[in-house]
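Colleague: Respectively, the protein sequence lines represent chains A and B. This note's numbering numbers the first residue of the first sequence as 1 and each following residue consecutively. This note's numbering numbers the first residue of the second sequence as 1001 and each following residue consecutively.
Derived by calculation from the structure, the hints in this document are not laboratory data. Treat the hints with care, as some may be off.
In the DSBU-like style, the derived pairs of lysine-lysine whose C-alpha atoms are separated by at most 30 Å in a straight line are [stated by the list, open to error]:
1. 1041/B x 1252/B
2. 1352/B x 1013/B
3. 286/A x 1064/B
4. 1174/B x 1010/B
5. 1252/B x 1271/B
6. 287/A x 1064/B
7. 1042/B x 158/A
8. 1174/B x 158/A
9. 1158/B x 5/A
10. 1287/B x 115/A
Chain by chain, the residues run as shown.
There are 2 protein chains.
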Amino acid sequence: MTTAKQSLEKIGKKLVDDIEKGKNPEIELPVRALSNIIYDKKTCTLTMGKNIAKRYFFNVAHAKKFMQTVEVAAISKNLLEEGKHASLRDVFYMAKRTIPNTKVNIVDEQSESDKAIEDLELISENAREMLNINANKMGSVAGKVIIEDQGDRIDWSKLGSGGWSIPSNVENIKFIKANAKYIVYMEKAAVWERLHEDKFWDKHECIIMSSQGQTTRGIRRLLQRMQEELGLPVYVLTDFDPWGIYIYSVLKYGSISLAHITEKLAVSGCKFLGITADDILKYDLKKHFIKFEENDSKRLAQISGYDWFKDNKDFQRQFRMMKEFKAKAEIQAMSARGISFISEKYLPDKIKNKDWIE
Amino acid sequence: MTTAKQSLEKIGKKLVDDIEKGKNPEIELPVRALSNIIYDKKTCTLTMGKNIAKRYFFNVAHAKKFMQTVEVAAISKNLLEEGKHASLRDVFYMAKRTIPNTKVNIVDEQSESDKAIEDLELISENAREMLNINANKMGSVAGKVIIEDQGDRIDWSKLGSGGWSIPSNVENIKFIKANAKYIVYMEKAAVWERLHEDKFWDKHECIIMSSQGQTTRGIRRLLQRMQEELGLPVYVLTDFDPWGIYIYSVLKYGSISLAHITEKLAVSGCKFLGITADDILKYDLKKHFIKFEENDSKRLAQISGYDWFKDNKDFQRQFRMMKEFKAKAEIQAMSARGISFISEKYLPDKIKNKDWIE
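Can you build the whole structure from these sequences, using the hints too?
Modeller: See below:
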């Protein structure tokens, strides 16, 4: 297997070769534009198409981007050699230096170094975590799992009320032992604390994992690794609204902005556990509806039209009912039926009856 | 010591007494208005003044709030009896029920139950964490500290790259052992990951703790408990901008909205470690300035005028320089001088030279 450092060196050597041959140094990379993003029906994920662009050093339109790409490649190579990790923001500050004898900075805005890093992911075929560039840190996990990380042996079932804090980069974690039948991933830390206090993971032999709001790349990659290496199904628990369903959509199918790295992040087997329109009817939660705002309606229309949802009857039925309700509902609405209703009744029933959508 | 449950029962008994004596049931509580919030120069914290309000059951203007307060008291008592915790959102859904034979809900908006809970904190003299009502969960911690929580013994130095995930409620944590000389609290998780990867807490025998953005009540309370129970100084590391200094201000002096609970949350001994205007000059970081927007200037003017900063020459000097710069700077700008500059040079020097502001 080629290491990240080797792929960076290969890129560098190729450029040196071009120079020695008297050629205009060039970098090849897939076109990163919506027109080149494809929904692959076989793998059920968003991936890059086959359109290739060439970036030349001696080309006024390309020179700056060319230099930025080489700069972040050099930064990444240093990080890999030193065994250190940097955030996107760190890389920006490291790249933001003035070219000697000019007044030009290599980058002026973080968006430039971010784009260069995304290009580098494509060119080197490594997710940026493998290039030692980290995303945000967020989220907690608990369950009967023992991992090894940075020389420590960590038991996710023995971490009190807090749980293990998920790092931004999970590439080097080793799974030592896992007693779990499935994973429940939820968008809300408060719901995680509810399930954790009720020892849901202990009673039902599973893993509970949460973010707070966004699903970070660290979380996506950890879920993917557990799905693949531990062979566990992943159930996604969100609010009943377009945003919740989009959280599921990104996990399962990938996102447009990260389509170039889908295979490293997509949790293709994950299932949508709820909240569904049917749950709302079954458990009489209509009185806890929150009326749709205009942006909710817009988002619902967008999501309904996605290629991967268009022919999915089960999801289209949910979308239709949501549109009729003109309302959304939160997971915490379950608390109206008792503080532990979610962990004692709602989730066990849903999972026992395989009452999920995919 | 009176437990939280006992103080709730005392409130209930007082109301039953009123009823049995044929009196109009009343609840006494300090006035929660800006006019009754005082900056106490002796304790250096924001606290409630002495103005007391009475809330009557038979009073059209008071009846609903009276009922809401009693309702959240009942919910809290149930939680305490069941040994369970709820989030603010959970309590809202539990209180949002229709009064029999009417069309009136006890609460319609979360702001109503939130206010009732704040009142209950005042009346019962218990922070809501002690009433088993939790704030948000956020943040990570690492260091040579062993705690006991929920029957687990947790070693903060053996948790790999992730660290311990700080729970929303830290009331029941027991400190078993601590080898640390101080605590560094920082606003950014990415900076925490930098220090953690560099084993800063190991090399300098300290504790590193972070949030992501806001400083939650769980974090404030944990810092306060470590300051008091472990006798450790707390250093606050933020960006050089009005928002960073406000993070320090809330930790040290309390906040206006939570003035009623300041003594339970304030980390009164904490010191502002940086980034300062002097650091920017010393380390030549001006080129990484980010220009002030209008809201930055406004916020700076507000903060400069706070009672607790007004006569503080060191902070006024910082405010003056920030105003002259018309610019802010991020902690990560240090990365321009090398990825580990912050952990190898900047922080060790600052702490060795006692180069903080308070």
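Colleague: Give a verdict on every hint.
Modeller: These are the hints, each one checked on the structure:
1. With a C-alpha separation of about 13 Å, the suggested pair residue 1041/B and residue 1252/B falls inside the 30 Å cut-off, and the hint holds.
2. Proposed proximity of residue 1352/B and residue 1013/B is contradicted: the alpha carbons are some 56 Å apart, above 30 Å.
3. Note on residue 286/A and residue 1064/B: the hinted pairing holds, with a Cα-Cα distance of about 24 Å set against a maximum of 30 Å.
4. A threshold of 30 Å between alpha carbons decides the hint, and for residue 1174/B with residue 1010/B the separation of about 28 Å falls inside it, so the pair holds.
5. For the given pair, residue 1252/B sits about 8 Å from residue 1271/B by alpha-carbon distance, which is consistent with the 30 Å threshold.
6. Only pairs whose Cα atoms come within 30 Å are accepted, and residue 287/A paired with residue 1064/B is accepted, the gap being roughly 20 Å.
7. For the hint pairing residue 1042/B with residue 158/A, the CA-to-CA distance comes to about 43 Å; that exceeds 30 Å, so the pair is violated.
8. Note on residue 1174/B and residue 158/A: the hinted pairing holds, with a Cα-Cα distance of about 15 Å set against a maximum of 30 Å.
9. Straight-line distance between C-alpha atoms of residue 1158/B and residue 5/A comes to about 29 Å, which keeps the hinted pair within the 30 Å bound.
10. At roughly 22 Å between alpha-carbon atoms, residue 1287/B and residue 115/A fall within 30 Å of each other, so this suggested pair holds.
Hint compliance for this structure: hints 2 and 7 are broken, all remaining hints hold.
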